[in-house]
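A.B. asks: Here is how the chains run, residue by residue.
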Amino acid sequence: MKVTVKLFASLSRGRFAVGVFEGEATLTVRDILASLKIPEEEASIIFINGRHEDADAALGDGDTLAVFPPVGGG
Amino acid sequence: MKSLREFLVAHAQNGVISFSVQAKAVREFRLPFPVVEETILKTNLLPSRYLRNQETLSQADQFSLFRSRVAVIGCGGLGGYIVEALARVGIGHITVIDPDVFDDHNLNRQLLSETGTLGLSKAEAAVGRVRRINPAVTVAPVKRVFTRENGGMLLKHARAAVDALDSIGLRLDLADVCMEMGIPLVHGSIGGWYGQVTTQFPGEDTLRKIYSGRSHDKGIEDRLGNLSFMACLVAGFQAAEVVKIILDQGKTLRGRMLSINLLDVEIVDVAL
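Taken in sequence, the protein lines are chains A and B.
Just add 12 to wherever you are in the first sequence, counting from 1, and you've got the working numbering.
Just add 1 to wherever you are in the second sequence, counting from 1, and you've got the working numbering.
Isolated chain B (complex conformation) (with noise of 0.2 Å):
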């Protein structure tokens, strides 16, 4: 019988790997879809799925996105959007933090939402979709409230982790527990027509400086709401920060904080 990597070479397409031809591979070989995804990068073949990730996105960067774990806290208006495109681009593991359940008011802007879904776990939500778009993809579904207590076991081994949350004081102990371990914290926040982004690396204190001085664990979007297209526009800018976080590509965030007014489409970006 023929090996895994036999099977792959022999059926690859100038070098690309049909989805087909990868579920075929998963039930001949009784193998998890992640081990043959895998064998199939690490063969310098590439499954089909990515090849419009190319030529922004090498084959190696590809490989290096799939071995790499992301956590990202929060599964709501921003995490959906979040854990979207970090499946769809092939991260290849990802850790998805919520202890909440979907209620009527989330299906303005929550993707993970549905009619269908009202009352089941956000997290639960996450694990689905992300099967549904890439099986190759692990998610690790963590349906507790992030603290500074369980931070560091449920961040253990991120390469990056992403802040979705929508409280001040959580997004503070997340921001401290990434500082503690060197962990990326890529910062997203949204209120009515307006976003901000920015990037911590280990050693600085930059979402302290943000949110110095603050008493309310709530800003502008208690008064605001929250709006669909803020969300998933935030939340692109946050999967751009991860992905060039784990590849050193390009400039990052980094000491500086994009502040988004869509109302009157204006991008600031002001270094703190």
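Excised from the complex, chain A in its bound form (with noise of 0.2 Å):
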């Protein structure tokens, strides 16, 4: 199946901010982080469909996953 990830802020940074990524059939977006060797502690908002999820949420064929990392400066 193919899943859209979009990466925001720095997670795009040496990888990519639109891409398309095959896999089987049970991915969790755990699967596609550990992939993109994004700890989850840099994943702090994760979005399917424009729906607010966690790591463990699976994927299914067409969906789109956005993440955006953690930002706490001021």
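Check the hints yourself; a few may be wrong.
As the list claims (entries may be wrong) - Restraint-style ranges between C-beta atoms, simulated for each label pair:
hint : chain 1 : residue 1 : chain 2 : residue 2 : range
1    : B       : ARG224    : A       : ALA37     : 33 to 43 Å
2    : A       : GLU52     : B       : PHE20     : 19 to 29 Å
3    : B       : GLU150    : A       : GLU53     : 27 to 37 Å
4    : A       : ALA67     : B       : GLN250    : 34 to 44 Å
5    : A       : GLU52     : B       : PRO33     : 51 to 61 Å
6    : A       : PRO51     : B       : GLY237    : 25 to 35 Å
7    : B       : MET154    : A       : THR16     : 42 to 52 Å
8    : B       : SER59     : A       : PRO51     : 46 to 56 Å
9    : A       : GLY62     : B       : LEU264    : 16 to 26 Å
10   : A       : GLU53     : B       : GLY256    : 20 to 30 Å
11   : A       : THR16     : B       : ASP104    : 24 to 34 Å
12   : B       : LEU52     : A       : ARG25     : 58 to 68 Å
13   : B       : PHE20     : A       : THR16     : 26 to 36 Å
The hints are simulated quantities; they were obtained by calculation from the structure and are not laboratory data.
Virtual Cβ for every residue (Gly too), placed ideally from N, Cα, C.
From these two lone chains plus the hints, build me the complex, please.
C.D. replies: Spelled out as structure tokens, the structure:
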């Protein structure tokens, strides 16, 4: 199946802003983060098709995953 | 002897009171600047310093801002610019909360830091800065850490709170206190070329959504640092949110977060 992955802010550096991820039928957000070498600590906000989710969430064919890093400075 | 009101009306030009007339009224009537300012606005006159706020802000808007209290939590990179913007636009009462003193590494971005203020209180620096630019604004400095325990007292009577902290744990504590007290919270944070802004209204748990499952107190800024223009930019968004909340004008970032990437010049509006 195919999933569109959008990486925001610092997460896109050295990776990509928008990419297509192909994998097995039982992918979770955690699997994709691991394959992109994004530590879970750096995936602060996770959306699937615009819905708020966490790293345990499963992805379906055609889904769009968006990931934002934690930004906390002032 | 003339009353203050008569003095002001006699010295107004086209409904405008110059700063020198306001200062003269302060001296002659032995009144504090904020009292003279209130009389000017109540008399339907306008201090000349707000001329360029018009017509975007009306005389009535100016009075609403003057009567409002805003709490700014954190007087560092974001907080310095936020206090500056709020004082210049004419917010009448600002509570500034920061336990820290200035260090060399603040000089890259913090408006209130100067080589001459190193080692001095950030909250006190905010008081001095506002006094020099708009003495009609009353600033209450708090040189303590904001906590869940003292939060209720520190945010009392605040029309809005502004999150300019640098700790995710404290940001969440602030959000919880604001939720309990029914105070709108304008959140902003920065790291490297990136920043984010949102506004949490009473009954919403926006900050919990943004930082859900966090075990670290710092975000990407721990590695990427903080840049001057990111602080200035995000603070500008935050100050605008405060003004819109007080005046009930336009649209706020309620239920939405702006994610800003200035390296690639991308601003994304995310529904939360």
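A.B. asks: Next step is simple, just say for each hint if it's right about the structure.
C.D. replies: Here's how the hints hold up against the structure:
1. B:ARG224 x A:ALA37: 33 to 43 Å: holds (36 Å)
2. A:GLU52 x B:PHE20: 19 to 29 Å: violated (55 Å)
3. B:GLU150 x A:GLU53: 27 to 37 Å: holds (28 Å)
4. A:ALA67 x B:GLN250: 34 to 44 Å: holds (39 Å)
5. A:GLU52 x B:PRO33: 51 to 61 Å: holds (54 Å)
6. A:PRO51 x B:GLY237: 25 to 35 Å: holds (32 Å)
7. B:MET154 x A:THR16: 42 to 52 Å: This hint holds: roughly 48 Å between Cβ atoms.
8. B:SER59 x A:PRO51: 46 to 56 Å: holds (51 Å)
9. A:GLY62 x B:LEU264: 16 to 26 Å: holds (24 Å)
10. A:GLU53 x B:GLY256: 20 to 30 Å: Given about 26 Å between the Cβ atoms, the range holds.
11. A:THR16 x B:ASP104: 24 to 34 Å: violated (44 Å)
12. B:LEU52 x A:ARG25: 58 to 68 Å: violated (45 Å)
13. B:PHE20 x A:THR16: 26 to 36 Å: violated (57 Å)
Hints 2, 11, 12, 13 from the earlier list are contradicted by this structure; the remaining hints agree with it.
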